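*Asks:* One letter stands for each residue in the lines below.
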Amino acid sequence: MMSKSFRLLALFSPLWLSLAFGGTKEEIVRLQSDVLQLQNQIRMLQKTVDEKDGMILSLLEQVNDQVAKGSLAFDDMLAAVNGAKAQTSSLEQSMGAVVDQLELLSAKLDETNSRVASLHRKLENNQMQVQSLRTLPEDVIAEVEPDRVYSATYNDYLMGNYSLAVSGFQDFLANYPDSEYADNAAYYLGDSYLKQGRHELAIQAFDQVMNLYPKGDKTPVAYYKKALALEELQRLDQAIATLRKLVKLHSKSPEAELAKQQLEKLGVQ
Amino acid sequence: MKRRFLGVLIVLVCSLAIISGCKKKTQVTTRPPVDRPAPAETAPTAAPAPTLDLSATPTSIKRGASTMLKWSSTDADSIIIDSGVGNVGPEGSVSISPLESTTYTATASGAGGEIKASTRVTVVRGEDRGKISQTDVQALQQAIEEGKIRPVFFGYDSAELSAEARQILEENSRWFRQYQGATIAVEGHCDERGTEEYNLALGDRRAQAATTYLIQLGIGSDRLESISYGEEQPFDPGHNEAAWANNRRAQFVVE
Amino acid sequence: MKWKLIIVSMSCLLGTEALAQRPDAVIFPTPTQTRLAAADFTPRTSANPETQEALSVFNKVLFDDLKFSTLFVIPSKSFYPLKPLRTIQDVVFESWQVPTLDVDFLAFGTVQADATATVVEAYLYDVKTRQQVLGKRFTISDTPLIRRVAHEFADQIVYELSAGGSRGVARTQIVFASQRGDSKEIWVMDYDGFNARQLTFNGGISKFPEWSADNKRFAYTVKLPTVNRWVLRNHEIDGAESTIRTDGTYMSSPAFAPDGRIAFSARTSTSRDSDIFVTPPSASRFRNITNHRGVDTAPTWSPTGTQIAFISDRSGSPQVWVIDADGSNVRRIVNEGGHCDSPDWSPDGRFILYSWQAPKQWKHDVYLAEVATGRLYQLTSGRGSNESPHWSPDGRHISFQSTRTGKKQIFIMNADGKNLKQVSAYGINESPSWSKYPPE
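Protein chains in written order, with this note's numbering: chain Y, 1 to 269; chain C, 1 to 255; chain W, 1 to 440.
Isolated chain Y, as found in the complex (with noise of 0.2 Å):
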């Protein structure tokens, strides 16, 4: 029992950690699940790394073998060339011939060199990525799959982890701006403020969504929750404009028929 508990609070010490400032049971296992996602990931990542090195440094393994079997040739040849030379010139013809076969041999050393140079840069790099991938795997898994980053963060927005949903999006948005989420990605953000009380930010960032995306269809819903934002704050007059403006622009959207319908609740047509 006692082992059990130990190995867990190894294994999940920063989980504990945010237990300690005041996260729920619920949040620590869903964060559990995510590192081990993210663990998983790296795991894989780490594992195609490594496949890929040992590929290259075993072709780099067979090249410099046939170099070094190139040369050993090449030495045969000089001394029999030398050989023959001390020996007779009546090989001369032959000689020629041979030389021939140097010049070749020696052009496809050459060739060989410079591909092995080649395949030295190509482990270089990936020995870069390895380190990058050591020192910040985040961004790694992030360029392999930004909708596995969004899809994350809009889960923590789903249920209800606002404050890792605002900081999920705002990366996200650096990140990524233009990801085919950004638009939904930078509502989201919008309405995590506002279901955290933060009315003054909320209004900001769903100014952002009418602004960077006009055309984009969380703009219509965009106005409707700028508008209730507003309404917290008791900035009626504002509330009121916005939500003729998103009638008016947006006639069509269901979220016209809400503003409708609180405009008459404000006591407005």
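These aren't lab readings, by the way, just hints derived from the structure by calculation. A quick note: this is a predicted structure, and the numbers were derived from the prediction, not measured. A couple of the hints might just be wrong.
As the list claims (entries may be wrong) - Capping the alpha-carbon separation at 25 Å, the derived lysine to any residue pairs in SDA-like fashion look like this: (1) Lys131(C) - Leu224(C); (2) Lys363(W) - Pro234(C); (3) Lys363(W) - Ala242(C); (4) Lys363(W) - Ser158(C); (5) Lys215(Y) - Lys252(Y); (6) Lys252(Y) - Gly316(W); (7) Lys363(W) - Ser315(W); (8) Lys248(Y) - Arg331(W); (9) Lys407(W) - Asp157(C); (10) Lys252(Y) - Lys360(W); (11) Lys407(W) - Gly89(C); (12) Lys195(Y) - Arg287(W); (13) Lys363(W) - Asn240(C); (14) Lys148(C) - Asn228(W); (15) Lys407(W) - Asn240(C); (16) Lys260(Y) - Arg287(W); (17) Lys260(Y) - Thr268(W); (18) Lys62(C) - Asp247(W); (19) Lys360(W) - Phe235(C); (20) Lys252(Y) - Gln33(W); (21) Lys407(W) - Leu224(C); (22) Lys252(Y) - Arg272(W).
Following the hints, complete the assembly by docking chains C and W onto the known chain Y.
*Replies:* Frame of chain Y; chains C and W shown alone:
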């Protein structure tokens, strides 16, 4: 030829209506005012006496239904209609739905005097009309059994009434009109290809489509019960297009 | 040499491609690594017939439960040491660490039945540290309860070893609609298909049962035999029932939010056709969440009750849509043509399970959509139509109805589509709803 005959007919009917209308008006104006003060005393010049016409269409309704009360007047300063209608303009109409049979009386008053006109709206109690008659029930059940009242069929994933379906509903409605003393369940059914939840909703749309059309054809909404069975009760248990086509239906049950 | 390179790089490519599409890698991102052995329990004092019978049931149920949990690698019993285990003194830990077994944990114990009672002593040991993890004694007066004891011990092992990932589903139940005579009624059974019993006696048609989040009641749709109207019923665990009705004749598909609100679909005097409504638990105040031409039905709540997924044919054919519970931010999650139905939101919020019928086909299969990205994964294939999928409370399993063996029956499987098992056999059985965790 036909059209000319129709034109003549219209002219005839119109002139008849005008004549009869004039006749009515004359009747009203010639009727001696009841408590009209001597005109000579109140006005030095004789003001024309007001005229008033009041009617209801139809004059007989089912309880809960409504009828249109219509009036027109001349030379009246004010018109009051009793039984809760109140002050109204010189001419107009209002939809009313009295719960009991009621006589509506309008009073028009002007410089030329005062005049009253009345019309009676008869309210038929729902129970009287909706009363179940065993003979009617049996007659309709027999018509269903003999295939005289027929189900209507729908396309795949559709609740639209085809022209053929409308024609069948029109034929069915004659039976329902002839035998008033029966309530009709309009059942919506689906084929097995859809899934459970969607099919229960789709069956409801089919039952609703048939019910709505029957109401348009004049069958009282209180006699029709629309109910979805989804894919619960296939007509044909087979698993092929012919069976499925038979199962996408709205059918009629009298109990 | 060149060829080797190409082949290697191609296999890398295929490897990552397949990884993205295989549901198991997405649903179970951390593969099972804990190795567990469940040794056959043995008689404590005497192998009388009652004990033998109880043992054969107990050993099978415990082994099946643990295997079904998806949380362990369980080596075949044929590799186990032959020596029967009664107490810790009988355990030779080295013999459980040979390469063919190499288990991390070992479950064993005894069962003893006599005329008055059955006693089960059950242990779980950490093989590496040789420490006891669990030690339990269960006493039951009725031998048929032996299944329950095995389920309970299995759940304790799962809870102990999954580090909070699951509380175990061995004691969960499944409610479903069953036609075994003229009427279709609501039944309940253990998750593994045993102990099936009828819960409603309405006559007519009862459908779409759905458990509440607190596991204390379920709601269902019913049409009584002589009444042309569908209503919803709340069925408490003690059998008490209450009715929810609108002014329309169509109501369907109840679903409970975590706080007890009920979403359902209905046609009322304010809606032309099937729309989504929400009512508080104990009041008949209905709020329109959707009011759209066409069918909106089959609502399911997100785990925190902030969003509702549902089926709508507003875009042509029925597809999976999601809406915030305040009626804003409606969006389509699945847009594949064909017909979607019966969505069910996963307990961790990441996925929506649903059935899909490809255009111009007539069989349905069970699919999974990732909510954030709309990525789709197919979970069933092969014979018959597979519909009405539903999550287990730990999100590691799925129940659904299938015609793959003839008439509609209930099946369960892992959430990645593996390990399929039929759990109903009599009559026609449909619309399974897996219960939440049993109370502690």
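*Asks:* Now tell me if each hint is right for this structure.
*Replies:* So, going through the hints one by one against the coordinates:
no.: 1; hint: Lys131(C) - Leu224(C); verdict: 14 Å, holds
no.: 2; hint: Lys363(W) - Pro234(C); verdict: 17 Å, holds
no.: 3; hint: Lys363(W) - Ala242(C); verdict: 17 Å, holds
no.: 4; hint: Lys363(W) - Ser158(C); verdict: 19 Å, holds
no.: 5; hint: Lys215(Y) - Lys252(Y); verdict: 13 Å, holds
no.: 6; hint: Lys252(Y) - Gly316(W); verdict: 18 Å, holds
no.: 7; hint: Lys363(W) - Ser315(W); verdict: 22 Å, holds
no.: 8; hint: Lys248(Y) - Arg331(W); verdict: 21 Å, holds
no.: 9; hint: Lys407(W) - Asp157(C); verdict: 23 Å, holds
no.: 10; hint: Lys252(Y) - Lys360(W); verdict: 32 Å, violated
no.: 11; hint: Lys407(W) - Gly89(C); verdict: 71 Å, violated
no.: 12; hint: Lys195(Y) - Arg287(W); verdict: 22 Å, holds
no.: 13; hint: Lys363(W) - Asn240(C); verdict: 12 Å, holds
no.: 14; hint: Lys148(C) - Asn228(W); verdict: 23 Å, holds
no.: 15; hint: Lys407(W) - Asn240(C); verdict: 16 Å, holds
no.: 16; hint: Lys260(Y) - Arg287(W); verdict: 16 Å, holds
no.: 17; hint: Lys260(Y) - Thr268(W); verdict: 22 Å, holds
no.: 18; hint: Lys62(C) - Asp247(W); verdict: 22 Å, holds
no.: 19; hint: Lys360(W) - Phe235(C); verdict: 22 Å, holds
no.: 20; hint: Lys252(Y) - Gln33(W); verdict: 53 Å, violated
no.: 21; hint: Lys407(W) - Leu224(C); verdict: 35 Å, violated
no.: 22; hint: Lys252(Y) - Arg272(W); verdict: 19 Å, holds
Consistency with the previously given hints fails for numbers 10, 11, 20, 21, ordered from lowest to highest.
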